[in-house]
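Protein chains: 2
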Amino acid sequence: MGLCDNSLIKYKALEVIRMEKKPKIVVLGAGYSGMMTVIGLQKQLQYNEAEVILVNQHTYHYLTTKLHEPAAGTRHHEAARVLIEDVIDPRKITFIQDKVKGIRPKERAVDLVNREEPLTYDYLVIGLGSAPETFGIRGLKENAFFIRNIDSVRMIREHIEYMFAKYRNEEQRDEYITIVVGGAGFTGVEFVGELVDRMPRLCREFDIPREKVRLISIEAAPTVLPGFDPELVQYAVEYLEKQGVEFRINTPIEQCDEDGVILKGGEEIKAATVVWTGGVRGNHLIEEAGFETMRGRVKVDEYLRAPGYEDVFVVGDCSLVFNDEGRPYPPTAQIASQQGSKVAKNLIALIRGGKMQPFRFDLKGTLASLGRHNAIGIIGKRKVFGSTASFLKWANDLRWLYTLGGVPLVLRKGFI
Amino acid sequence: MGLCDNSLIKYKALEVIRMEKKPKIVVLGAGYSGMMTVIGLQKQLQYNEAEVILVNQHTYHYLTTKLHEPAAGTRHHEAARVLIEDVIDPRKITFIQDKVKGIRPKERAVDLVNREEPLTYDYLVIGLGSAPETFGIRGLKENAFFIRNIDSVRMIREHIEYMFAKYRNEEQRDEYITIVVGGAGFTGVEFVGELVDRMPRLCREFDIPREKVRLISIEAAPTVLPGFDPELVQYAVEYLEKQGVEFRINTPIEQCDEDGVILKGGEEIKAATVVWTGGVRGNHLIEEAGFETMRGRVKVDEYLRAPGYEDVFVVGDCSLVFNDEGRPYPPTAQIASQQGSKVAKNLIALIRGGKMQPFRFDLKGTLASLGRHNAIGIIGKRKVFGSTASFLKWANDLRWLYTLGGVPLVLRKGFI
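So the sequence lines, in the order shown, correspond to chains A and B. Heads up: the first sequence begins at 783 in our numbering, then just goes up one per residue. Heads up: the second sequence begins at 783 in our numbering, then just goes up one per residue.
One or more hints might be untrue.
Chain copies aren't distinguished; within one or between two, either way the pair holds.
In silico DSSO-like links for lysine-lysine, alpha-carbon gap of 27 Å or less [said to hold, decoys possible]:
| # | residue 1 | residue 2 |
| --- | --- | --- |
| 1 | 1137 | 806 |
| 2 | 883 | 994 |
| 3 | 994 | 881 |
| 4 | 888 | 1137 |
| 5 | 1081 | 874 |
| 6 | 994 | 1052 |
| 7 | 1127 | 874 |
| 8 | 874 | 803 |
These are computed hints drawn from the structure, not numbers from a lab. Computed from a predicted model, the values in this text were never measured in an experiment.
Isolated chain A (complex conformation) (with noise of 0.2 Å):
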């Protein structure tokens, strides 16, 4: 007996002990980066090796690289969320449905709306997104909408519907049928491309004929989808405007009010429905808590971690990673992704001693979709139109989904 409790002693001690040396990596937020994280950290990690702790504000990830299609209506946004529960291993994931308040860095604390005490941590993975970036466009941020996560987007999609509805019922005043669509970059021209999809099957549920409904793109830049291959931007244009769509490029968007937006120069669109694209900062959160931004996002190390800070990493749409040539990578899914996954592996390192690994971006492709049957992109340094980039664009949905939650998660919610 006295040998029998002398080893359990011994042995509650040296659990004691590892209990204390656990360390305590906390992840906040579930997008691409906080999530490829996560799931890295699940796949590698043995139980007890680690506490790992995953905070978001709702109980979902949502794919912000299809939030364009439920904005639209043209999917339902079950397609475009995945169910945090559904994919994490709750024996090494600890997942808390909170909002952040606050973060404190040199105290290694974050504060969250519904809790008094402060979540610790050892390690810390900032994946808290962006916000949409309004360059002070006045007004903007009152009276258009933005595709931002699932609240967001089914407030387009009702908000489309009724305006048509109010166009039946009420006066039949052009501006309540009259979509203005602000930015053409990627998220812009996917937005529209959906539009165009969604028209017919709109116009048919609200009486309205489908050439009384307007839809206008906005783009201050001199070309839609700055930055892109001209050629794909052509082929894009082309095909938008053969659907309907209005562009009006070299054209800053100076006022959005209530009636629709104030074009410089002075032209006013009246419109019902403004969706503004133009452009995303950080989160808020992360110039609240100290660290030094350029719009809202932190200069990172080769290592990911916020310039000062050993033990805090940032991620996704919150950080800025700079190319060769010292120009920023602009924010993106494959980016964040593939940040979540060199974070999960340097915490790895840092946990079992071993030595971090820096981080480069490797630039698979760049896919754009036009609605539902077409698409545009370049792989590697090959050129994609038409239905195969459409079908390279849902392999490559339906790989995150796989990446996420296997093949079950994949059947789930890739056809919906």
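Got chain A; can you put chain B on it based on the hints?
Below, chain B alone, put in the same frame as chain A:
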């Protein structure tokens, strides 16, 4: 050749005489009464016996008795409408899609919005339906929705969904997901019954817990379904209360504004959606035409003619028919279709030199649905509840579709 010419001239002359003498019947409105008139004429008239013109604002007839379903969003509005061209024989009935601007019975002329020349007639059938009666309640007309036609119920459906989206995307204000139904007569109760059916799916769609949503039925009279069998009323109230409906009887609404309703006594209920089902009155065109009216309705003679006019029949919600105790029958689809049927017969009698028959309403029964799988009603002298009543209500809708367009229409519209 002489003979031939001669007979041709005779024939042509006879045709002209026949054409000149062909009486012109104009039917205004394609509701239950108007459609029944036209269908009756179409079935019994020979070609060339009369010129029949049907005027209607929309290209379709809609089933007012089913409008509470698309209003709540439990069934698509296509199930509640029938294209006029699908059920009329264009060789016998000429359909004009236009809106009536005014009726000049002394000049036998009807002015339409999109036609310069007035439409003249030998016989006029007015079935222009009803308008909401707001009993002078302040702000109701401006701020409430009405279960009135396809456009208005599509608007209600979209408005409810829009407010649910707003609740998720903006501040979570309870009034966004509070629905007030003013009036607990047949339409009000049937609408509340549908809302109850809709809520679980709607709440899932917008990630809102069902218990957060309030459905409030407000009635000025001391009981729900005033004048109806008390046992059936109790059944309905108990069922709906169990589904979470709050009833406020004996409670007149004093005012409706952007924030909701103010009840007599001053209590305010904040609600983003207020639907008024408290009553209807005849179409304002009736009063404007100079007919003598009671709450916008014409007290018709025994042949359903407007007093003082032998060539003007008034049917449906525009007409007022009294029972043997001197009380007016409530406006229903049942009485409207019986009136239409009788007017068709009497018009044929007039054309053929026969004798008209007086109208007598034959009340077959009354049924009110409580959602998709429950209902209450009286058939003859028998009370019916639950699935039996629900089945009878369904069968009755099918019967109307059959009357309009036979088996093909039943198959096309009855199972949406």
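Results of checking the hints against the structure:
1. In this assembly of identical chains, residue 1137 and residue 806 lie within 27 Å of each other by CA distance solely inside one copy; the values are 19 Å within and 96 Å between copies.
2. Within a single copy, residue 883 and residue 994 get their C-alpha atoms only as close as 46 Å, which misses the 27 Å cut-off; across copies the closest is 25 Å, which meets it.
3. Taking CA atoms no more than 27 Å apart as the test, residue 994 paired with residue 881 passes between copies only; the shortest distance there is 21 Å, against 43 Å inside one copy.
4. Taking the closest pair of Cα atoms, residue 888 and residue 1137 come within 27 Å of each other only inside a single copy of the chain (24 Å); across copies the shortest separation is 99 Å, beyond that limit.
5. In this homomeric assembly, residue 1081 and residue 874 never come within 27 Å of each other (Cα to Cα): the closest approach is 30 Å inside a single copy and 79 Å across copies.
6. Taking CA atoms no more than 27 Å apart as the test, residue 994 paired with residue 1052 passes inside one copy only; the shortest distance there is 14 Å, against 36 Å between copies.
7. Proximity of residue 1127 to residue 874 under the C-alpha cut-off of 27 Å is restricted to the intra-copy arrangement: shortest distance 16 Å within a copy versus 80 Å between copies.
8. In this assembly of identical chains, residue 874 and residue 803 lie within 27 Å of each other by CA distance solely inside one copy; the values are 16 Å within and 92 Å between copies.
The earlier numbered hint that this structure contradicts is number 5, and it is the only one.
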